[in-house]
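> The listed protein sequences derive, respectively, from chains C and F. All residue numbers for the first sequence refer to our numbering, where the first residue is 1 and numbers rise by one. All residue numbers for the second sequence refer to our numbering, where the first residue is 167 and numbers rise by one.
FYI, nobody ran anything at the bench for these hints, they're computed from the structure. Just so we're clear, the structure is a prediction, and the values are computed from it rather than from any experiment. Be a bit skeptical, because a hint or two may be false.
What the hints assert, rightly or not - Derived pair list, reagent style DMTMM-like, types lysine to aspartate or glutamate, alpha-carbon separation capped at 25 Å: (1) F:K189 x F:D218; (2) F:K206 x C:E67; (3) F:K231 x C:E24; (4) F:K230 x C:E51.
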Amino acid sequence: MLRVKNYIESGILELYVMGAASDEETEELFYMREKYAQVREALWNLEIEMESVAQKMAVIPPAGILEKIEAEINSLVQIPDPDYLKVDKSSGYNSHSKRRKDFQFIEIEVASRQIRVHKLWAWAFAFLFLLLTFFLASAIYFYNKDNHIEKQVKQLKMELEKQRKR
Amino acid sequence: MLKIKKQALIKTKSDGIDSLYNKYGAMLLGYIFEIVKDQKLAEDFLVKVFCDLSYSLDELDWDKKSSWSQLQRFARKRLAAFTTIPEDEAIADRGSLVYSSRNKHFGQLNHEQQHVFYAMYYHGKSVAAISAELNKTEDLIRKILKEAFAILRKDAES
Chain C
1 MLRVKNYIES
11 GILELYVMGA
21 ASDEETEELF
31 YMREKYAQVR
41 EALWNLEIEM
51 ESVAQKMAVI
61 PPAGILEKIE
71 AEINSLVQIP
81 DPDYLKVDKS
91 SGYNSHSKRR
101 KDFQFIEIEV
111 ASRQIRVHKL
121 WAWAFAFLFL
131 LLTFFLASAI
141 YFYNKDNHIE
151 KQVKQLKMEL
161 EKQRKR
Chain F
167 MLKIKKQALI
177 KTKSDGIDSL
187 YNKYGAMLLG
197 YIFEIVKDQK
207 LAEDFLVKVF
217 CDLSYSLDEL
227 DWDKKSSWSQ
237 LQRFARKRLA
247 AFTTIPEDEA
257 IADRGSLVYS
267 SRNKHFGQLN
277 HEQQHVFYAM
287 YYHGKSVAAI
297 SAELNKTEDL
307 IRKILKEAFA
317 ILRKDAES
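The shape of chain C in the complex, shown without the other chains (with noise of 0.2 Å):
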């Protein structure tokens, strides 16, 4: 119990519910929760008056945002790419109906050494390889029958140089 109630009040559940606890530490109150239900309360207690203090923040939305919202969720929906919406830092300005404008022209980048090719071209060079490797082992067999042959030839010679001496 007494561990329970130091858990409590280590302020790990502070941590938490303002997003900073760390992996681990979400990791060990989620166990935490789940097996002592003082934990639960008082995350649960946490969360709310957490959500009180922001409430407490809030800024009222001008009138339209949510309609923007949704225009651009649809708009979205058509250019299946969420990262296109970007919003630039140093102006504010929301970069994508600009962007949208540019959206005829295609952006090359040319920075890959490799080079695509059809898959056919994987079988012409194999039996392009098969071809050379027959030719390679047909030179080499015929060369030595020639080796061959040829000191055949000259035994034969000797042997009749001989027979004619004699």
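Assemble the complex: chain C is given as a structure, and chain F must be docked to it using the hints.
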């Protein structure tokens, strides 16, 4: 068929975003404003956060985790350019990190409490990082945070 599904998806997303906006829109705008310190920029970011949120609605755990904590963390990730201050700059700027806030509720906190609360809540800094910054023990930082939280809580109740 595909078109109907797409429209239904947009409708579901739109409804989810509508209810989240109605409940948390003002809180999020207040939160974002405290970080970016510019009303127009904060509004632009609010739009961006909700647009990004529409893509991540299923990824967030709405049953087990607090909605506000998740939304606040989600927004802070999108504001990383504002919340990640280089360490040396943060130390040099220790005194002025907090106090441009127009939020009168921070006035109830002392200098240290403001710094700890602001660094954690708005900048997502860890206890260890703040402890190193302020040259105080981690236990003391947690204590300061608890005190700050208690004051703000009391203020919110009143």
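> Determine for every hint whether it applies to the structure shown.
Hint-by-hint comparison with the structure:
1. Straight-line distance between C-alpha atoms of K189 (chain F) and D218 (chain F) comes to about 17 Å, which keeps the hinted pair within the 25 Å bound.
2. Only pairs whose Cα atoms come within 25 Å are accepted, and K206 (chain F) paired with E67 (chain C) is accepted, the gap being roughly 16 Å.
3. The straight-line distance between the Cα atoms of K231 (chain F) and E24 (chain C) is roughly 16 Å, inside the 25 Å bound, and the hint therefore holds.
4. A C-alpha spacing of about 16 Å is found between K230 (chain F) and E51 (chain C), which places the hinted pair at or below 25 Å, so the restraint holds.
Hint compliance for this structure: every hint is met.
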